[in-house]
Amino acid sequence: MHFRKRAPSHSAPADNSVGSPIVDGPTVGPIIGAAMEIDGQHTPQQVIAGLRATGEGEDLVQLLTPEGQRVSHPQFDLEISPAEIRELYRDMVLVRRADREANALQRQGQLGLWAPLLGQEAAQIGAGRALAPQDMAFPSYREHGVAWCRGVDPTELFGIFRGIDQGSWDPIATGFGLYAIVVGSQCLHATGYAMGQRLDGKIGNAETGEATLCFFGDGASSQGDVHEGFVWAAVYDAPVVFFCQNNQWAISAPLDRQSRVPLYRRARGYGFPGVQVDGNDVLATLAVTRWALRECRTGNGPVLIEACTYRMDAHTTSDDPTRYRLADELEEWKLKDPLERVRVHLVREGLAEQEFFNGVATEAEELAVRLRNYCTSMPAPGPERIFSKIYAEPSPSLDSARAEHLAYHASFADREPGSEPGSEH
Amino acid sequence: MATTGEPQMITLAKGINQGLRAAMDADSKVIVMGEDVGRLGGVFRITDGLQKDFGEQRVLDTPLGESGIIGTAVGLAVRGYRPVCEIQFDGFVYPAFDQIVTQLARLHYRSQGKLRMPVVVRIPHGGGIGAVEHHSESPESYFAHTPGLRVVACSNPVDAYWMIQQAIACDDPVIFFEPKRRYWEKASLDLSVAPPPLFRSRLLRSGGTATVVAYGPTVRTVLDAATVAERDGQQLEVIDLRTLSPLDLAPVFDSVRRTGRLICVSEAPGEASLIAEVAARVSQECFYSLEAPVLRVTGFDTPYPPAKCEEDYLPDLDRVLDALDRVLAY
Numbered sequence: 001m002h003f004r005k006r007a008p009s010h011s012a013p014a015d016n017s018v019g020s021p022i023v024d025g026p027t028v029g030p031i032i033g034a035a036m037e038i039d040g041q042h043t044p045q046q047v048i049a050g051l052r053a054t055g056e057g058e059d060l061v062q063l064l065t066p067e068g069q070r071v072s073h074p075q076f077d078l079e080i081s082p083a084e085i086r087e088l089y090r091d092m093v094l095v096r097r098a099d100r101e102a103n104a105l106q107r108q109g110q111l112g113l114w115a116p117l118l119g120q121e122a123a124q125i126g127a128g129r130a131l132a133p134q135d136m137a138f139p140s141y142r143e144h145g146v147a148w149c150r151g152v153d154p155t156e157l158f159g160i161f162r163g164i165d166q167g168s169w170d171p172i173a174t175g176f177g178l179y180a181i182v183v184g185s186q187c188l189h190a191t192g193y194a195m196g197q198r199l200d201g202k203i204g205n206a207e208t209g210e211a212t213l214c215f216f217g218d219g220a221s222s223q224g225d226v227h228e229g230f231v232w233a234a235v236y237d238a239p240v241v242f243f244c245q246n247n248q249w250a251i252s253a254p255l256d257r258q259s260r261v262p263l264y265r266r267a268r269g270y271g272f273p274g275v276q277v278d279g280n281d282v283l284a285t286l287a288v289t290r291w292a293l294r295e296c297r298t299g300n301g302p303v304l305i306e307a308c309t310y311r312m313d314a315h316t317t318s319d320d321p322t323r324y325r326l327a328d329e330l331e332e333w334k335l336k337d338p339l340e341r342v343r344v345h346l347v348r349e350g351l352a353e354q355e356f357f358n359g360v361a362t363e364a365e366e367l368a369v370r371l372r373n374y375c376t377s378m379p380a381p382g383p384e385r386i387f388s389k390i391y392a393e394p395s396p397s398l399d400s401a402r403a404e405h406l407a408y409h410a411s412f413a414d415r416e417p418g419s420e421p422g423s424e425h
Numbered sequence: 001m002a003t004t005g006e007p008q009m010i011t012l013a014k015g016i017n018q019g020l021r022a023a024m025d026a027d028s029k030v031i032v033m034g035e036d037v038g039r040l041g042g043v044f045r046i047t048d049g050l051q052k053d054f055g056e057q058r059v060l061d062t063p064l065g066e067s068g069i070i071g072t073a074v075g076l077a078v079r080g081y082r083p084v085c086e087i088q089f090d091g092f093v094y095p096a097f098d099q100i101v102t103q104l105a106r107l108h109y110r111s112q113g114k115l116r117m118p119v120v121v122r123i124p125h126g127g128g129i130g131a132v133e134h135h136s137e138s139p140e141s142y143f144a145h146t147p148g149l150r151v152v153a154c155s156n157p158v159d160a161y162w163m164i165q166q167a168i169a170c171d172d173p174v175i176f177f178e179p180k181r182r183y184w185e186k187a188s189l190d191l192s193v194a195p196p197p198l199f200r201s202r203l204l205r206s207g208g209t210a211t212v213v214a215y216g217p218t219v220r221t222v223l224d225a226a227t228v229a230e231r232d233g234q235q236l237e238v239i240d241l242r243t244l245s246p247l248d249l250a251p252v253f254d255s256v257r258r259t260g261r262l263i264c265v266s267e268a269p270g271e272a273s274l275i276a277e278v279a280a281r282v283s284q285e286c287f288y289s290l291e292a293p294v295l296r297v298t299g300f301d302t303p304y305p306p307a308k309c310e311e312d313y314l315p316d317l318d319r320v321l322d323a324l325d326r327v328l329a330y
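Protein chains in written order, with the numbering used here: chain A, 1 to 425; chain B, 1 to 330.
Next comes chain A alone, as it looks inside the complex (with noise of 0.2 Å):
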């Protein structure tokens, strides 16, 4: 028997018919990733019984059941309207469209990549809508949710997917920096621009103060720079919050080749309080990070949330997740749709009409429409975009690394008028 588990092997196709045996250490629960050790003693059901049980522990949070049920929780209830909540579902409705218009463009050849957020809507949306205006968000690669919230419209996304930009966003005016492809960099600037608040004196009062959200995941869990991260922001008292996004597949590497133990249990090991919440939970995962945002405000911060979910599509649309997990899985995650709990919900409750799903739907099609005839007709940058803006300050050397690089094109003879560097623009 083994105190830990080996993970899914490449090679190894994906098999129902075996399971391995799910195995307690001492502290630690059932580990995902066992699905295709040999032992013929459990089956897939078991199994994903055990994947569920490492992806929400029993101290997870959660105010709205898969069913579309409303629970309380005692210490992170939340005060919301009907109005709100059917804003948190349009919110996630038309980033789910938009990431499924992405997705389609890729597959098209208008994009050439995608990271999609497909099963992360409610984290997103959820930790999006508990910021305030003078907060700082720092996204890694997967955030569009996050951005959608910050005023980040997708079409800014599509620049970096399409190769036109890295970011074309302003980072200071929104509120939202760019995305970090390097998995756990940015832990390190949110930390740091969180000490910046600090030493600022932006924290104190839970209205006014400011704040920094931190998104990562469970594979950057496991970088350097994240631990690097909640050492310097426990030291310093830094007001951000990491909000780890576990959506339990880190490519093909499950959570247990990433952790022994729940993510947000290592919060204790730095000195500050960790939170596991249902991250397919809007309403849950807003009142935790809004509790977690104003405890930063106040002075107690760093805080960091583990929001359970589940990339419910590939890791970018390179990936081919059959070579890793089961198909059950995902049927198994699909029950724990991020939408249509608060759908049933609003429903069930008698909290919205069909007509305002009608709307919501109506409206997610003309964004899907607006994206695409967007991204079709983006200009691409010339040559001279190679060398611009590399520094703040002058730079001759590149200046004339420029001009010789135009004048290279324009000595082409048969380059045809209208055709120059830069003359799309």
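In short, the hints are calculated from the structure, not lab data.
All C-beta atoms, glycine included, are put in the ideal place defined by N, C-alpha and C.
Certain hints may be false.
[What the hints assert, rightly or not] Each computed DSS-like pair below joins lysine-lysine, with the alpha-carbon atoms no more than 25 Å apart:
# : chain 1 : residue 1 : chain 2 : residue 2
1 : A       : Lys202    : B       : Lys29
2 : B       : Lys114    : B       : Lys29
3 : B       : Lys114    : A       : Lys389
4 : A       : Lys389    : B       : Lys29
5 : A       : Lys202    : B       : Lys114
6 : B       : Lys29     : B       : Lys52
[Claimed, not checked] Quick list of simulated restraints, FRET-style, between CB atoms:
#  : chain 1 : residue 1 : chain 2 : residue 2 : range
7  : A       : Ala403    : B       : Asp171    : 20 to 30 Å
8  : B       : Asp171    : A       : Gly151    : 52 to 62 Å
9  : B       : Pro63     : A       : Thr316    : 28 to 38 Å
10 : A       : Pro396    : B       : Gly49     : 31 to 41 Å
11 : B       : Ala292    : A       : Gly163    : 23 to 33 Å
12 : A       : Gly269    : B       : Asp190    : 33 to 43 Å
13 : B       : Ser188    : A       : Pro394    : 29 to 39 Å
14 : B       : Leu64     : A       : Pro394    : 32 to 42 Å
15 : B       : Pro63     : A       : His73     : 31 to 41 Å
16 : A       : Ala401    : B       : Glu271    : 19 to 29 Å
17 : B       : Asp53     : A       : His73     : 47 to 57 Å
18 : A       : Thr298    : B       : Glu311    : 54 to 64 Å
Here the structure of chain A is known, so what remains is to put chain B in place on it, guided by the hints.
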């Protein structure tokens, strides 16, 4: 430090210390951060007294983690601060390499100017102090190879005083190399003499026999070699590069067009190094002026050796003069 009056003799270490002090006086957004920079004043005492005078809010003793120092400095820069980070020794910059290369160097480009990164990373570099492993490295080529960074190396107390202030005032990230074995060398600082711009190389000694280019700790070595060579009637023209990225090679080209001979001196391993770039550029720009191949006098293409071997490893006066003999043999 008085802003007027008689020139003062200061060490290179004091020059940086006083330069930091002046920069912190001038701009409240300038903060100093690093391991042991506060109460201790840094292992080389470069930040001596700064925490006492500017407080713990502006001189931050950080936890021990170089990536953490640079990564949080990036966040502080987003917030509007101008962090000056101390990396305790050259060989300890590598844990921060990722943050420097993938984040600090690129955020201005990635954001197309919406984010500025006025961060200075101070690194004591080079050998010659009999240290244990990882305390004597010359990693400057890695950084000069990284677009988005500016890289400078001071060689003397006067430059140290001015260059650190200019680096802090620069809106781009600057990797600031300090020649640790020269920390205690002295020179007269006259504040009434305006400094040259930061990103300029500098002619230190004129001569027609050959041009010798150096930076950081080997500048003193080369000046000493020039003094000895003069006894043999050979006049070395010595140029201190000062800026490693961008390179300022116009004075080098001018010089080589006059002397026809170039020797480049650096402690770093020579292969694929910064001075290899100098050699390539000079061969491109001064092809018809060269009377001899460009020679490099460098550390060897080996890991930095145990300290008892470093006298042999480091370019010294004799190796510079040997190179001079060789370029004159053509």
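Here's how the hints hold up against the structure:
no.	hint	result
1	A/Lys202 to B/Lys29	holds (15 Å)
2	B/Lys114 to B/Lys29	holds (19 Å)
3	B/Lys114 to A/Lys389	holds (10 Å)
4	A/Lys389 to B/Lys29	holds (24 Å)
5	A/Lys202 to B/Lys114	holds (23 Å)
6	B/Lys29 to B/Lys52	holds (17 Å)
7	A/Ala403 to B/Asp171: 20 to 30 Å	holds (23 Å)
8	B/Asp171 to A/Gly151: 52 to 62 Å	violated (27 Å)
9	B/Pro63 to A/Thr316: 28 to 38 Å	holds (34 Å)
10	A/Pro396 to B/Gly49: 31 to 41 Å	holds (38 Å)
11	B/Ala292 to A/Gly163: 23 to 33 Å	violated (47 Å)
12	A/Gly269 to B/Asp190: 33 to 43 Å	violated (55 Å)
13	B/Ser188 to A/Pro394: 29 to 39 Å	holds (32 Å)
14	B/Leu64 to A/Pro394: 32 to 42 Å	holds (37 Å)
15	B/Pro63 to A/His73: 31 to 41 Å	holds (35 Å)
16	A/Ala401 to B/Glu271: 19 to 29 Å	holds (25 Å)
17	B/Asp53 to A/His73: 47 to 57 Å	holds (50 Å)
18	A/Thr298 to B/Glu311: 54 to 64 Å	holds (60 Å)
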